[in-house]
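Visitor: These are the residues of each chain, in order.
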Amino acid sequence: MKNLLDIYSFMGTEIQQYSMGEVLACNLESQKYGLVLSTAQAQELIETRNRAITGHGRVELSIEVLKKIITVFCTSSNISSADYAETLNELVDIFYYMKNETEDNMGDDELIDLMKEFFDTSCRGSVELLKNRELALFAQKYRCDMQKNESARKEQCW
Amino acid sequence: MINTDITKQPLLKNEYLDPNQYTLALLKEGYRTGLIAQGELDDIQNQIMALLAESIVRYTGGESTSLKEETAQRIMMSMLYAIDAFLKSLGAPEDAIAAITADPIKDSYVKGLGLLEVTFEDTKQLYHEIRQNKLDIPIEAYHMTIDELAQFFNHYDMRFNAQDTIASIDYPLLFDDMQVQGVFYIKQYLEKLALETEFCRLFPSGDIKKLLFNYDRVYRVNYRESLINIFEIVLNNAVFSVMSGGSADVLGITRYQCKYLADMFKAMDYRQCSARISASIGALLGELHIDKPALRAYILRFKTLLIPQLLNALQNESLEHLVILDEPEASQDNYIFDAGKSMDDDSFRSLLNHVTDCNDTNEKIQLIMASIESLGDFIDLLEADFLYGDEYRALFSSLGDIELSVLAGIVFMEEIRSDPRTFTLPSCQEISREMPWQHEYAAFLKELGRDRLNAIENILRGRTF
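Taken in order, these protein sequences are the chains called X and S. For the first sequence, my numbering gives the first residue as 1, with consecutive numbering after it. For the second sequence, my numbering gives the first residue as 1001, with consecutive numbering after it.
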C-alpha cells in the first residue's frame, strides 16, 4: 500500500503517464516557428520538470506550466532548433526557482511573460543572463517591495 | 436455519483507528481487513489528489498550479481534517468506509467543510459566553488565554489550514486533549473550560482567592503568574473538606482536619482509599447539587488523578502539600519567587545591563538573586538569553527544590499536560528544548541525584498534577 500522503509518488507515476502526449501536442503550435521536440526530448523535459519541482521543494499536480513555457517561448526569435530543447530545460528549472524566489506571490502566467520579456530584450536569448542578472535583480527588488508593503500594512494595523 | 447467540465481530479494530488521522487510518484498516480493495484504494487516492489539485488552484486564485511542498502538505492535511470530521460524524467505521467507497470523496469533503463551519460558529458562541462569564480571579494566564483566543476566531482558515489551532493557549485545563487539532481542539478546550468555570462559580471568588493565597504560601509561587488550574485546586480542597467532615462548599481546611485525614488514611489500604475518595466526590456532587451529566463526569474523572497524588503524599508524609491548609505560615524561608514584587521595566533593563557587564559568574548570580523577586522577572531574565553555559548551572544550583519544581512545571509543561500519569522528570530530560535556558535546565537536572530529583518531582506533582 502506497503512502497516502506522499504527493511526490503520485506526481512521479500518475502524471507521467498522460503528460508525454500533452507535451508532444505542443509541437502543433511550435512547428509554426520551426521548433519541434522529439519524443526523447519531450521525455527529458518532463524529467527535468519533475527534478526541478522536487529540487525546489515544490508540488505540482498538472503539466500546464510546462506547456505554457513551450508555447510562449517557441515564438522567440532568439531560440534556434539546435538549442530549443536545451533552452526549454533550463527555462523550466528557472521558472520553479523563481516561484520560490518571489515567495509564490507571482502568478504562473505573469512570471512566464516576465521571463519571456527579459529573454527577448535585455538578455538577447541568454538563459545565463536571464537567471543570474535580470531575474536575480528582479527577485531582490520584488522581495524588498513585499517587505515594505508588509511593514506598511502592520503600521496601519497598529 | 439454526439460531445461535453468536454475534458477528466487527472486522475493523477501533484501536487502529486514530481519531486524529481518521480517514487515513480508515483506509489502511479497511484495506487490511479487505473491506477496501486495491482498486478502490487507488481510486480514492486519485480522487484525493484531484481534490488537492483543485484546492491548489483555489488557494492561488487560479494563478498558479504549483506550491511549496509544505504549503501543499498543509492544504492536504486541511482537506483530510474536513473529511475526518464528516466520516467521524457517521459513527460506525463501517458506515464511514461505505461512504468513501460508494460516493465521491469530494462529497465527504464538502459535508466535512459544512460540519467545520457549524462547529466553528458554535465554538465562537461558546467563546463569547465564556468571555462574558470570566472568573474574577487574577491569574494572568487565565485572562490572557481567554482574551487571545479571539485571534483564533479572527484567523481560522477552515479551507486551507483547518488543522491549525493558531492560538496561544497557556492556561492549563485539568483534562486537556492535546492530540486534537484545529477547531475541534478549541471546542473541547472551551467546553471543558466552561465546565470548570461553572464549578468554580459555586464558590465565592473571595474564598477562591484566599485558597490561592494559601497555595502561594505552600508552593512559594505567585499564583497570579503561575500556570495553575483553578478548578483543580478548588475541587481538590472541596473534596478533602468533605472527606474530613466539612462542607463541600468550604474551601478552607485546618491543620486539625489535615491531621485527621492523615490518621484516617494511614489505616487504609489502596482499595479503601479509593472507595473513600469515590464516596467523598459523590457526596460533593450531591451537596453542591451538581446534576449536569457532563460536569459530573468531568469531576468524577478527578478521582483518577487524586488517588496517585494521595498515595504519593501519604508515602512521603506530605499531605499538607496536597491539601492546602488555611493558616498563616510561621516561618518564611528564603525563596526568590514572591507575589506582587515584579520589577518595573527600567529597573529590569538596568539589571540586564549589570548582568551583561559582570564578568564573574558568582557575582552575576548574586546580583540576580539579590534583585529578582518574582517568577515573571526570573523567567524574563532567562528568556532574555543573557547567561551562558556554566552560568545557568550556577544559577540553578542556587535555587531550592520548590523553585526548581516551579521551573520544571514551565519547562515540561507540554509533557505534563499531554500525559500527567506517565510524566517523570528523568523521562523528559532527553527531549530537546527550544529555548537555551530550558535546554540548560534539562541538562542541569540530569546531573542531580535520584533523591533530589524525586524531591523536586514530588513537589511538582503536588502542585501541578
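Read the hints as simulated data drawn from the structure, not as lab findings. Just so it is clear, the structure is predicted and the values come from calculations on it, not from any experiment. Cβ atoms here follow ideal geometry from the backbone N, Cα and C, with glycine treated the same way. Incorrect hints may have been included.
To be verified - Each pair of labels, with its calculated beta carbon distance range: (1) X:Ala152 to S:Phe1160: 42 to 52 angstroms; (2) S:Glu1129 to X:Gly21: 56 to 66 angstroms; (3) S:His1289 to X:Ala152: 52 to 62 angstroms; (4) S:Glu1383 to X:Arg133: 41 to 51 angstroms; (5) X:Gln140 to S:Phe1160: 42 to 52 angstroms; (6) S:Ser1427 to X:Leu24: 54 to 64 angstroms.
Visitor: Against the range 41 to 51 angstroms, how does the distance between the Cβ atoms of Glu1383 of chain S and Arg133 of chain X compare: consistent or not?
Guide: holds, 44 angstroms
Visitor: Falls inside 42 to 52 angstroms, the C-beta gap from Gln140 of chain X to Phe1160 of chain S?
Guide: violated, 29 angstroms
Visitor: Between Ala152 of chain X and Phe1160 of chain S, is the Cβ distance one that fits in 42 to 52 angstroms?
Guide: violated, 25 angstroms
Visitor: Is the distance from the Cβ of Ser1427 of chain S to the Cβ of Leu24 of chain X consistent with 54 to 64 angstroms?
Guide: holds, 60 angstroms
Visitor: Could one say that the CB atoms of Glu1129 of chain S and Gly21 of chain X fall in the range 56 to 66 angstroms?
Guide: holds, 59 angstroms
Visitor: If I claimed the Cβ atoms of His1289 of chain S and Ala152 of chain X lie 52 to 62 angstroms apart, would that claim hold in this structure?
Guide: holds, 58 angstroms
Of the numbered hints listed earlier, those contradicted by the structure are 1, 5.
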